[in-house]
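Place chain B on chain A using the hints.
There are 2 protein chains.
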Amino acid sequence: MSLANRPDIISFAGGMPGNELFPVEDVKEIINNLSPQQWVDAMQYGPTAGYPPLIEAIKAWLKGKGFPVETNQVIITTGSLQALNITSKIFIDPEDTVLVENPSFIGAISAFRSYQAKIKGVAIDADGIVIDELKKELDTTNPKFLYIMPNFHNPAGLIYSSQRREELLTAMANTNIPIVEDDAYGELLFDDDYKKDIVPLKCRAQNEQQIIYCGSFSKIFGPGLRLGYMLVPNEIFRNAEICKQSMDACTPCISQVLAHQFMISGRMQRYIDHIRPIYKKRRDFMLETLQRYLPKEATFVRPHGGFYIWVKMPQGVDETELLKLVIDAGAVFVVGATFDPDEQPNGHIRISYCNTPDEQIEKGIKIIGDTMKRLMAR
Amino acid sequence: MSLANRPDIISFAGGMPGNELFPVEDVKEIINNLSPQQWVDAMQYGPTAGYPPLIEAIKAWLKGKGFPVETNQVIITTGSLQALNITSKIFIDPEDTVLVENPSFIGAISAFRSYQAKIKGVAIDADGIVIDELKKELDTTNPKFLYIMPNFHNPAGLIYSSQRREELLTAMANTNIPIVEDDAYGELLFDDDYKKDIVPLKCRAQNEQQIIYCGSFSKIFGPGLRLGYMLVPNEIFRNAEICKQSMDACTPCISQVLAHQFMISGRMQRYIDHIRPIYKKRRDFMLETLQRYLPKEATFVRPHGGFYIWVKMPQGVDETELLKLVIDAGAVFVVGATFDPDEQPNGHIRISYCNTPDEQIEKGIKIIGDTMKRLMAR
Chain A
11 MSLANRPDII
21 SFAGGMPGNE
31 LFPVEDVKEI
41 INNLSPQQWV
51 DAMQYGPTAG
61 YPPLIEAIKA
71 WLKGKGFPVE
81 TNQVIITTGS
91 LQALNITSKI
101 FIDPEDTVLV
111 ENPSFIGAIS
121 AFRSYQAKIK
131 GVAIDADGIV
141 IDELKKELDT
151 TNPKFLYIMP
161 NFHNPAGLIY
171 SSQRREELLT
181 AMANTNIPIV
191 EDDAYGELLF
201 DDDYKKDIVP
211 LKCRAQNEQQ
221 IIYCGSFSKI
231 FGPGLRLGYM
241 LVPNEIFRNA
251 EICKQSMDAC
261 TPCISQVLAH
271 QFMISGRMQR
281 YIDHIRPIYK
291 KRRDFMLETL
301 QRYLPKEATF
311 VRPHGGFYIW
321 VKMPQGVDET
331 ELLKLVIDAG
341 AVFVVGATFD
351 PDEQPNGHIR
361 ISYCNTPDEQ
371 IEKGIKIIGD
381 TMKRLMAR
Chain B
11 MSLANRPDII
21 SFAGGMPGNE
31 LFPVEDVKEI
41 INNLSPQQWV
51 DAMQYGPTAG
61 YPPLIEAIKA
71 WLKGKGFPVE
81 TNQVIITTGS
91 LQALNITSKI
101 FIDPEDTVLV
111 ENPSFIGAIS
121 AFRSYQAKIK
131 GVAIDADGIV
141 IDELKKELDT
151 TNPKFLYIMP
161 NFHNPAGLIY
171 SSQRREELLT
181 AMANTNIPIV
191 EDDAYGELLF
201 DDDYKKDIVP
211 LKCRAQNEQQ
221 IIYCGSFSKI
231 FGPGLRLGYM
241 LVPNEIFRNA
251 EICKQSMDAC
261 TPCISQVLAH
271 QFMISGRMQR
281 YIDHIRPIYK
291 KRRDFMLETL
301 QRYLPKEATF
311 VRPHGGFYIW
321 VKMPQGVDET
331 ELLKLVIDAG
341 AVFVVGATFD
351 PDEQPNGHIR
361 ISYCNTPDEQ
371 IEKGIKIIGD
381 TMKRLMAR
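These protein sequences, in sequence, are chains A and B. Quick note on our numbering: the first sequence kicks off at 11 and runs consecutively. Quick note on our numbering: the second sequence kicks off at 11 and runs consecutively.
This is chain A alone, in the form it adopts within the complex (with noise of 0.2 Å):
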């Protein structure tokens, strides 16, 4: 058993919805109230690019929220992971080179390691990807593609503010190069000042523009049913879907049809509604606790919505150092080396408030305070 999944230990290291968050009456109501057809097309196999009426639902919901769904396509993939699986079999060859964000989210690095992607770190600050750092490297390599994450991120916890978005796409244009939009955490945005900010590049950009724009049912219904989709341009499209077929001929079916019945019922909405303000609530417990026992030397920005924040080690703490100390006090979160493609120690670490009830909050933080405070007086 891992040791995020311990009891005997409070953890702040994975990146899971809350146990207790999960819409089980939503599910069990729209189980038993399943037509015999919607029972058949959860059992049977389905089209490898959805089921229909979910893409249909995708496409609504996303129209709403000014994507381009007209000259786009959804496809829905086994959890948003195997969308960055698709992306890699389509554009990697073995040592070709992807550009991601560092730090950026293991899970993508992994997988484009598993093409064989030579993975290459651009620098973020606070507004986003740096773009001086970013025209380098589209100077200097010949990228498949880019990959980033500018709501919520994972694990720098930050947005990319509006001018960010629109240098970048900027910076991308006439290049080619297609961006490769991560967007799992899109709607648990907790501070309303930034509604602007958060529109995805995929609804700023120009048409032309190749945008694979990713999205997780993971932190909005449940990561257990490995829902995931893309909304790409149509050439992109006939690839993915050759790709998905040979990877898992569909999406698990019974996922696609809850998920369906989930969104057109209004549940989903009302889903979003309710856990927001909860993970709002634990954001800023989580932010109380650590000004209150961190050490004023330890910095760290506040995240505007997901599941993340971001601290920077003080002075003379070694955050592996600093990490074995606090297991062995009963706590546990991740280097921020773990997010570096090259692995390489960047005084920071990673911590998660989404899956820590309060009081396991506090006395977890307090454990990770006194033990940097230790670490300073040595």
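Please keep in mind that the hints were generated in silico from the structure rather than gathered at the bench. Only true hints are included.
Because identical chains share one entry, a pair is satisfied inside a single copy or across any pair of copies.
Using 30 Å as the maximum straight-line C-alpha spacing, the simulated DSS-like pairs for lysine-lysine come out as follows:
1) Lys128 to Lys146
2) Lys145 to Lys128
3) Lys99 to Lys128
4) Lys73 to Lys206
5) Lys322 to Lys291
6) Lys145 to Lys130
7) Lys99 to Lys130
8) Lys322 to Lys376
Just chain B now, kept in the frame of chain A:
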């Protein structure tokens, strides 16, 4: 919409279970009796190798059938097609050779091809793969593995004889080349006389022989759940788990929780006992109508289980031309070339009886027989 799904066309093309046979009431009962913890297990991320209680249930099931579960490990996959992807990812580099039977399962061929394997077909006869032909390939190519379907072969409908199984194991021993044994239809034996023959290679082989055994819930629960598994030696397990992690993190947990209850409650065995005679009756009726309507020059082997009958064309009947005319008349099947790794015509067609009610079987087979006779009379 594909021809195989058009309501106005009688389809013998698919490899899908009967729409009316899914254990819907079982699933409802299971769902309505899940404990709160089981709901969390169903909705949350799960371990990469699978939901531990389901792994245990599968091991117990396999142990009862004589599988070497103590010296091997189970990994649960998103359909058994993912097991073939995992195997490909472990063993295939671009331009590597993979041996398959000719004909072979199209899903396997496209999975291996998606990893840029060269696919080499080895002839089969009524008892299985032709050993001399296999030896020739082993001597001249350097295959990464051999993929076979010894039980209720798709598309050829045959089962390997016990003798051929032993000859195959002997031919492969000391080669260090893994055998990938696909047993998706293994529970669907209709004729008890063949009980001894269908014992899998994995149960017959010495422990040192590397056999990757692939099982599936698609035919004994529902393909819409996307549930399969591999039973593999420890060395392969470690690599398989890494590959699986980068592909989709974990197999749909909701499907795994359902399958676990389906197995341990005895419902799965009852369901298998229920569907076996139904498919058997369908096979019998299909054989009867084939005898009644096809010209005697069209020959076929009586399948002892599974979903398919492999029909050899009479002299002078081109299967592609036949298909065109049969579609015009309102039925559809699959031409043999589809299952040839080089897509060469082989004078055969595959007819499925799995998802076609009796009256449609009669009407559709009459169309095929009449059209054949018309083509022969030219």
